[in-house]
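Novice: Those protein sequences? They're chains H and G, same order as listed.
Here the first sequence is numbered in my numbering, starting from 112 and rising by one per residue.
Here the second sequence is numbered in my numbering, starting from 28 and rising by one per residue.
Among these hints, one or two may not hold up.
The list that follows gives simulated cross-link-like pairs (lysine-lysine, DSSO-like), each with its CA atoms no further than 27 Å apart [to be verified]:
{"hint": "1", "chain 1": "H", "residue 1": "K291", "chain 2": "G", "residue 2": "K179"}
{"hint": "2", "chain 1": "G", "residue 1": "K179", "chain 2": "H", "residue 2": "K284"}
{"hint": "3", "chain 1": "H", "residue 1": "K381", "chain 2": "G", "residue 2": "K256"}
{"hint": "4", "chain 1": "H", "residue 1": "K381", "chain 2": "H", "residue 2": "K358"}
{"hint": "5", "chain 1": "H", "residue 1": "K358", "chain 2": "G", "residue 2": "K96"}
{"hint": "6", "chain 1": "H", "residue 1": "K416", "chain 2": "G", "residue 2": "K256"}
{"hint": "7", "chain 1": "G", "residue 1": "K261", "chain 2": "H", "residue 2": "K416"}
{"hint": "8", "chain 1": "H", "residue 1": "K284", "chain 2": "G", "residue 2": "K136"}
{"hint": "9", "chain 1": "G", "residue 1": "K179", "chain 2": "H", "residue 2": "K289"}
{"hint": "10", "chain 1": "H", "residue 1": "K381", "chain 2": "G", "residue 2": "K261"}
{"hint": "11", "chain 1": "H", "residue 1": "K248", "chain 2": "G", "residue 2": "K136"}
{"hint": "12", "chain 1": "G", "residue 1": "K74", "chain 2": "H", "residue 2": "K284"}
{"hint": "13", "chain 1": "G", "residue 1": "K96", "chain 2": "G", "residue 2": "K74"}
{"hint": "14", "chain 1": "H", "residue 1": "K284", "chain 2": "H", "residue 2": "K326"}
{"hint": "15", "chain 1": "G", "residue 1": "K261", "chain 2": "H", "residue 2": "K251"}
{"hint": "16", "chain 1": "H", "residue 1": "K312", "chain 2": "H", "residue 2": "K341"}
{"hint": "17", "chain 1": "H", "residue 1": "K416", "chain 2": "H", "residue 2": "K325"}
{"hint": "18", "chain 1": "H", "residue 1": "K325", "chain 2": "G", "residue 2": "K237"}
{"hint": "19", "chain 1": "G", "residue 1": "K261", "chain 2": "H", "residue 2": "K326"}
{"hint": "20", "chain 1": "H", "residue 1": "K325", "chain 2": "G", "residue 2": "K256"}
{"hint": "21", "chain 1": "H", "residue 1": "K381", "chain 2": "H", "residue 2": "K325"}
{"hint": "22", "chain 1": "G", "residue 1": "K74", "chain 2": "G", "residue 2": "K224"}
{"hint": "23", "chain 1": "G", "residue 1": "K96", "chain 2": "H", "residue 2": "K312"}
{"hint": "24", "chain 1": "H", "residue 1": "K326", "chain 2": "G", "residue 2": "K256"}
{"hint": "25", "chain 1": "G", "residue 1": "K220", "chain 2": "G", "residue 2": "K96"}
{"hint": "26", "chain 1": "H", "residue 1": "K224", "chain 2": "H", "residue 2": "K358"}
Don't read these hints as lab results, they were simulated from the structure.
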Amino acid sequence: MTAILIYSDHDGFALELLTAAREMGAEQVRAVTINNDDQAKVLADAGASVLKINNDSMVLADIAATAAAVAQAAEKAGADTILLSSNRRGKELAGRLAQLIGAGCLTDVSSFKYEDGQIKCQRNALGGATVAVQIIKTAKKVIAFMPRSFEAASGSGGSIEEFAADIPAPAVKLVEVKQKSGDNVDIEAAEALVAVGQGLKDADQLPMIEALAKKLGGEVACTKPVATDKKWLSEERIIGLSGKKCKPRLAVLLGISGQVQFTVGIRDAKTIVSINTDENASINTMADYVLVADLHQAVADLNAKL
Amino acid sequence: MNIVVAMKQIPDLQQIRIRNRQPVFEDVPLTIGLIDKNALEAAVQIKEQLDAQVTVLSAGDENLEDTIKEALAAGADQAYLVMDDALNGTESSIIAEVLAAALRQMEDKPDLILFGEGSGDNYSGQTGSRVAALLDLPQVGYASSIVIDGGKAAVTRSLEDCEEVVEVALPAVITVISGINEPRIASVSQILKAGRKPRETVELDELNIKPGDSAIDTLSNLAPEMERKRITVKSVDELIQALSSEALIGR
Numbered sequence: 112m113t114a115i116l117i118y119s120d121h122d123g124f125a126l127e128l129l130t131a132a133r134e135m136g137a138e139q140v141r142a143v144t145i146n147n148d149d150q151a152k153v154l155a156d157a158g159a160s161v162l163k164i165n166n167d168s169m170v171l172a173d174i175a176a177t178a179a180a181v182a183q184a185a186e187k188a189g190a191d192t193i194l195l196s197s198n199r200r201g202k203e204l205a206g207r208l209a210q211l212i213g214a215g216c217l218t219d220v221s222s223f224k225y226e227d228g229q230i231k232c233q234r235n236a237l238g239g240a241t242v243a244v245q246i247i248k249t250a251k252k253v254i255a256f257m258p259r260s261f262e263a264a265s266g267s268g269g270s271i272e273e274f275a276a277d278i279p280a281p282a283v284k285l286v287e288v289k290q291k292s293g294d295n296v297d298i299e300a301a302e303a304l305v306a307v308g309q310g311l312k313d314a315d316q317l318p319m320i321e322a323l324a325k326k327l328g329g330e331v332a333c334t335k336p337v338a339t340d341k342k343w344l345s346e347e348r349i350i351g352l353s354g355k356k357c358k359p360r361l362a363v364l365l366g367i368s369g370q371v372q373f374t375v376g377i378r379d380a381k382t383i384v385s386i387n388t389d390e391n392a393s394i395n396t397m398a399d400y401v402l403v404a405d406l407h408q409a410v411a412d413l414n415a416k417l
Numbered sequence: 028m029n030i031v032v033a034m035k036q037i038p039d040l041q042q043i044r045i046r047n048r049q050p051v052f053e054d055v056p057l058t059i060g061l062i063d064k065n066a067l068e069a070a071v072q073i074k075e076q077l078d079a080q081v082t083v084l085s086a087g088d089e090n091l092e093d094t095i096k097e098a099l100a101a102g103a104d105q106a107y108l109v110m111d112d113a114l115n116g117t118e119s120s121i122i123a124e125v126l127a128a129a130l131r132q133m134e135d136k137p138d139l140i141l142f143g144e145g146s147g148d149n150y151s152g153q154t155g156s157r158v159a160a161l162l163d164l165p166q167v168g169y170a171s172s173i174v175i176d177g178g179k180a181a182v183t184r185s186l187e188d189c190e191e192v193v194e195v196a197l198p199a200v201i202t203v204i205s206g207i208n209e210p211r212i213a214s215v216s217q218i219l220k221a222g223r224k225p226r227e228t229v230e231l232d233e234l235n236i237k238p239g240d241s242a243i244d245t246l247s248n249l250a251p252e253m254e255r256k257r258i259t260v261k262s263v264d265e266l267i268q269a270l271s272s273e274a275l276i277g278r
């Protein structure tokens, strides 16, 4: 394989893409950075040869501009495969960039195998009910990898070259950046998760759920309705297809029935415990330990005994 | 103001069964993606404040005429349907070309084109971005709020670690997240009226495009293998004992 270009707005994810590109057997990994001198240095220190774009008129929110910049960097680098991070900015960029350069595109890719000259990508399909293995048939390829699918790269011998991209006039104006209010929890990084579903009777019970999570050295998470409909917990804590994909050592699932839109976000946990009054709940088929019990009583007992 | 909401006909995911790790589509009804319904609700809410017309745009097989009734009942004024058997579940790059061609052909030029941030089934999130590129329009993704002000939209977009408030000139493509609103449930009278709302149906060859081949090959699509112990414990004590023996607690 010839050159591969990597781009992410996020320094850590860019280092993960560097690992992915090396695993693809790229002779040369090129990276592009946009208005981010720190990232250019981090990537060069890890061995990438970096095209550094600094352009005061660019904002990352303007996806058309970002796509144009990355496309020009790919041409300059002689790269027909571009790796992006599948965070929101990256996913939004993926489709636009692919359309701009005439590439096939896969997003939310969790892993790949390089076999017979093909990059065989694995990603969830049918709302997470299945896992598809797919290849991009076009010569140009855009692949967006889920964050934390690879280790961050290390290395040496990289370089930084300034690159002036020809950017279209800005069409999106950034007015304000607001930090998300309050909840900075990172459930994807937690070693243990205690997740609640609609079996939880009311928000008054949350302190004992939090107490259990603390005893287990983890965080509280939830199904989507608990956050978006009932608004008992922040959306940062949603596990599932449109929430977070978590791989904790221990997941304790409380009052959760097990719709696939949820399970896709937790099925890579090492050990799963389900506590549910319904012995036929589908979640029980994907649990290591099942306790058929009222979750409120069970949590009170666990808190007393742990 | 003309608002177009792109919606995707997908199999009802709740009803897909798995047999020998293969998904079984037999007798699975078709429906509209959940986040697409949030996009429609966002359009209808704008219409309630401004003088706007809401058109639902979709591409799929002939079942679309039936599937789309739900969107017409939920507040869309009319539907524009591209129907061809080859279009169901086809790949984003092809669907984007079809939708872009349909948008170009619309007599009332769209001012605002809304998508869900991802389809209910494939969730690749490419189509909105591809359509914006094809039409050379600005785009704003992951909207949690849209306020129309003259020829501009003020959009709050929700990213993983922050919210960005941006301003974009119309026409533009905006994709929404599910948290933007709570889609309404259609009343009986709205459902009855839906059948009489205008529907324009075009065939693929009327769009004067030749969509390319699919850019993607699917080598396999199987339910993941679950290697779980599935041990039923009878009490909290038994659970604690099991977890302790695996060194998952009490370390």
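Novice: Now tell me, hint by hint, if it's right for this structure.
Specialist: Evaluated hints:
For the hint linking H:K291 to G:K179, the alpha-carbon distance of about 25 Å falls within 27 Å, and the restraint holds. With a C-alpha separation of about 11 Å, the suggested pairing of G:K179 with H:K284 holds against the 27 Å cut-off. The suggested pairing of H:K381 with G:K256 holds, with an alpha-carbon distance near 11 Å, which does not exceed 27 Å. About 7 Å separates the Cα atoms of H:K381 and H:K358, which keeps this hinted pair within 27 Å; it holds.
Proposed proximity of H:K358 and G:K96 is contradicted: the alpha carbons are some 40 Å apart, above 27 Å. A threshold of 27 Å between alpha carbons decides the hint, and for H:K416 with G:K256 the separation of about 24 Å falls inside it, so the pair holds. Distance hint between G:K261 and H:K416 is fulfilled; the C-alpha atoms sit about 16 Å from each other, no more than 27 Å. A hinted pair counts as satisfied when its Cα atoms are at most 27 Å apart, and H:K284 with G:K136 qualifies at roughly 23 Å.
For the given pair, G:K179 sits about 21 Å from H:K289 by alpha-carbon distance, which is consistent with the 27 Å threshold. Of the supplied pair hints, the one linking H:K381 and G:K261 holds, its CA atoms being roughly 22 Å apart against a limit of 27 Å. This hinted pair does not check out: H:K248 and G:K136 have alpha carbons roughly 34 Å apart, beyond 27 Å. The hinted pair formed by G:K74 and H:K284 meets the criterion: a straight-line CA distance of about 24 Å does not exceed 27 Å.
In summary, the hint linking G:K96 to G:K74 is supported, as the alpha carbons are separated by about 19 Å, within the 27 Å threshold. Annotation: proposed proximity of H:K284 to H:K326 is violated, straight-line Cα distance about 46 Å (limit 27 Å). Straight-line distance between C-alpha atoms of G:K261 and H:K251 comes to about 56 Å, which puts the hinted pair past the 27 Å bound. Our distance criterion of 27 Å between C-alpha atoms is met by H:K312 and H:K341, whose separation comes to about 11 Å.
Taking the CA atoms of H:K416 and H:K325, the gap is near 14 Å; set against the 27 Å cutoff, the hint holds. Restraint check for H:K325 and G:K237: not satisfied, since their Cα atoms lie roughly 58 Å apart, outside the 27 Å limit. Taken as a hint, the G:K261 and H:K326 pair is honoured in the structure, with Cα atoms around 22 Å apart against an allowance of 27 Å. Simply put, H:K325 and G:K256 have alpha-carbon atoms about 25 Å apart, close enough for the 27 Å limit, and the pair holds.
Of the supplied pair hints, the one linking H:K381 and H:K325 holds, its CA atoms being roughly 19 Å apart against a limit of 27 Å. Distance hint between G:K74 and G:K224 is fulfilled; the C-alpha atoms sit about 16 Å from each other, no more than 27 Å. A hinted pair counts as satisfied when its Cα atoms are at most 27 Å apart, and G:K96 with H:K312 does not qualify at roughly 36 Å. With a C-alpha separation of about 24 Å, the suggested pairing of H:K326 with G:K256 holds against the 27 Å cut-off.
Of the supplied pair hints, the one linking G:K220 and G:K96 holds, its CA atoms being roughly 10 Å apart against a limit of 27 Å. A hinted pair counts as satisfied when its Cα atoms are at most 27 Å apart, and H:K224 with H:K358 qualifies at roughly 21 Å.
In summary, the numbered hints that this structure violates are 5, 11, 14, 15, 18 and 23.
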